[in-house]
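Participant: Listed here are the chains, written in short residue letters.
Protein chains: 2
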Amino acid sequence: MALKSIKSERRRLADEVYDQLLTAITEGEIGPDDRLVQERLAAELQISRTPIREALLRLEQEGVLATSARGGFVLYRMDEGEVKELYQARAAIEGQAARILAHMNDPQINAMLRRTIETEENIASPTVRDYFEANRKIHRRFVELVSNRYLLEMFDSVWNRAVSFQLFAAIENADLSQSLGDHMNLLAAIETGDKSHALETFTAHIQEGFELQLRGLAG
Amino acid sequence: MALKSIKSERRRLADEVYDQLLTAITEGEIGPDDRLVQERLAAELQISRTPIREALLRLEQEGVLATSARGGFVLYRMDEGEVKELYQARAAIEGQAARILAHMNDPQINAMLRRTIETEENIASPTVRDYFEANRKIHRRFVELVSNRYLLEMFDSVWNRAVSFQLFAAIENADLSQSLGDHMNLLAAIETGDKSHALETFTAHIQEGFELQLRGLAG
DNA sequence: TTTGTGTATTCTGTATACAGTATCCAAAAA
DNA sequence: TTTTTGGATACTGTATACAGAATACACAAA
Numbered sequence: 004m005a006l007k008s009i010k011s012e013r014r015r016l017a018d019e020v021y022d023q024l025l026t027a028i029t030e031g032e033i034g035p036d037d038r039l040v041q042e043r044l045a046a047e048l049q050i051s052r053t054p055i056r057e058a059l060l061r062l063e064q065e066g067v068l069a070t071s072a073r074g075g076f077v078l079y080r081m082d083e084g085e086v087k088e089l090y091q092a093r094a095a096i097e098g099q100a101a102r103i104l105a106h107m108n109d110p111q112i113n114a115m116l117r118r119t120i121e122t123e124e125n126i127a128s129p130t131v132r133d134y135f136e137a138n139r140k141i142h143r144r145f146v147e148l149v150s151n152r153y154l155l156e157m158f159d160s161v162w163n164r165a166v167s168f169q170l171f172a173a174i175e176n177a178d179l180s181q182s183l184g185d186h187m188n189l190l191a192a193i194e195t196g197d198k199s200h201a202l203e204t205f206t207a208h209i210q211e212g213f214e215l216q217l218r219g220l221a222g
Numbered sequence: 004m005a006l007k008s009i010k011s012e013r014r015r016l017a018d019e020v021y022d023q024l025l026t027a028i029t030e031g032e033i034g035p036d037d038r039l040v041q042e043r044l045a046a047e048l049q050i051s052r053t054p055i056r057e058a059l060l061r062l063e064q065e066g067v068l069a070t071s072a073r074g075g076f077v078l079y080r081m082d083e084g085e086v087k088e089l090y091q092a093r094a095a096i097e098g099q100a101a102r103i104l105a106h107m108n109d110p111q112i113n114a115m116l117r118r119t120i121e122t123e124e125n126i127a128s129p130t131v132r133d134y135f136e137a138n139r140k141i142h143r144r145f146v147e148l149v150s151n152r153y154l155l156e157m158f159d160s161v162w163n164r165a166v167s168f169q170l171f172a173a174i175e176n177a178d179l180s181q182s183l184g185d186h187m188n189l190l191a192a193i194e195t196g197d198k199s200h201a202l203e204t205f206t207a208h209i210q211e212g213f214e215l216q217l218r219g220l221a222g
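Chains A and B, in that order, are what the protein sequence lines are.
So the first sequence is numbered by our numbering: it starts at 4 and just counts up by one.
So the second sequence is numbered by our numbering: it starts at 4 and just counts up by one.
Take the hints with a grain of salt, since some may be wrong.
The calculated lysine-lysine pairs, modelled on DSBU-like cross-linking and capped at a C-alpha distance of 35 angstroms, are [what the hints assert, rightly or not]:
(1) A/Lys140 / B/Lys198
(2) A/Lys140 / B/Lys87
(3) B/Lys198 / A/Lys198
What the hints contain is simulated information worked out from the structure, not anything from laboratory work.
These figures come from a predicted structure and were not determined experimentally.
Please take these sequences and the hints and turn them into a complete structure.
Facilitator: Structure representation (C-alpha cells):
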C-alpha cells in the first residue's frame, strides 16, 4: 500500500497571518490610512506578537508595507519614478516569459491561454478591483505556463507591490472589448513562434499600460 | 546650521546576522554539510534566538537556505531543472537591463561600464571564487546603471541563490582573456543603440554560460 | 543478525517579559 | 500667543520560558 504523505507543508501561524493580511489589502479592507500595530493585531487575532511580527516584516521586505514614523506599518506608497521602474520590471519578466512561450509554441498551451483570456474577460459589470484581478490572472497565466518558478515568483513579487493601488488597472473607463482584443493579440504574437516579436509585443503592451496609467494619474 | 541626520537606518541584530551568514556562505566558510541550528548560532554569537531565527527565515525565503529534515537549515541544493530556470530568470533581468541601456546609449554610462570591466577582469591568479565575484560585479554594474531598484533587487535575488555553488562561474579553465572579450562584446552591443540587438546579445551570452555550466556538470 | 518499540534528545514554534527609544502632550517660560 | 522642556505613552527589539513534534538511540524480541 502507498499512502500519500500527510504533512504537505508545515503551516505556521505566521503564514496564516501573512495570507490574511495580503487578502485584506487586496480586498481593500486595509487602506492607506490604516496603521498596523503588532500588539493590536495580536489582540485581534488572539495570538502572540511573534508570528504577527514575522508576517509584517515579510510584507515589509517584499515592499508591500513600510514602517510608519509613528510606529507600526502602513501600505507602501510609490512615487511616479518607482511606478515606472515597476513597469520596467514587469516588462523584463513577462517579456521573457513571452519569448519562451513563443519558442515552445505549443498548441495545447496556447489553447489554455485562449481559454483563460475568454473566461477572465467575461465579467458582467467589473469594478476597478475586478478588472485588476482578472488582468492579473490573465497575465499570471502566461508566466505560469512557462513552468519557471523563479519567473513566477518575481511576477508575484512585482504584482503584490501593486496590489494596494490596483496599479496595473488604471483603465477605469476603457472598455473590456478593447482589453480582450489586446490580450488576444498577445497570444497571437506568441503563436507566430517569433521569440523577438513576442517579447516586443508584450513590452509594448506593458508600455501602453504605463502611459495609460500616467494619463490616469494626471487627469 | 544643518547637521546631517544620524539615524541612517535603524540597524537590527537580525540584519547583522543576515549579512554575516551571507558572507560566510559566499566565502565558503559555510559548506553543504553544515547544519545551521538556531540555538547553536545564538550561543556562538552571544545573542538570543529571536534575531537569529529572523535572519534564517529570511534566507530560507530567498532560496539560499532550506530546512533540513533533522532540524536546522542547510544550503539549498538545486537540481538541473532549477539551474536552467535560474538562467532563464537571469536572462529576463539582464536582457531587459541591456535593452534599457541601449535605449539610453549614454556615453558616460558606457565609459563607466568599460572601466568596471577592465578593473574587474584584471585579477592576477583567480580562483573560481574570485572569478565568480568579478563576474558578478561586472554583470551587476550593468544593472546598477539602469537605475531601477526592482531590477537590481531581482538581480541580487537570483545571484544570491547561486552564491553557494559559484553557479555562474563554471569556467574553471576558460581563460580570462576570452571572458574579457565577451564582456566587451556585451558593451559593444549596447553601444549600437539597438535595443533588440542588445537584449539578444545578453541572452545569448547567458545561454552560453548555461551550456558551459552543463558541460561542466557532466564532465 | 534484523526488526520493532519505548524513551531520550534535539530543535522548533509560540507566548511572555522587559528595557530602550521615539513620539506625543501638557504645563512652564518667554 | 509661541516656544521650550520634562515626562507620560506607545511600540518596538531582544531575551527567555515552555510545550509540542520529530528524530535518534538503545534495548528487547525474533
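Participant: If a hint holds in the structure, say so; if it does not, say that too.
Facilitator: Checked hints:
{"no.": "1", "hint": "A/Lys140 / B/Lys198", "verdict": "holds, 29 angstroms"}
{"no.": "2", "hint": "A/Lys140 / B/Lys87", "verdict": "holds, 25 angstroms"}
{"no.": "3", "hint": "B/Lys198 / A/Lys198", "verdict": "holds, 15 angstroms"}
In this structure, every one of the numbered hints holds.
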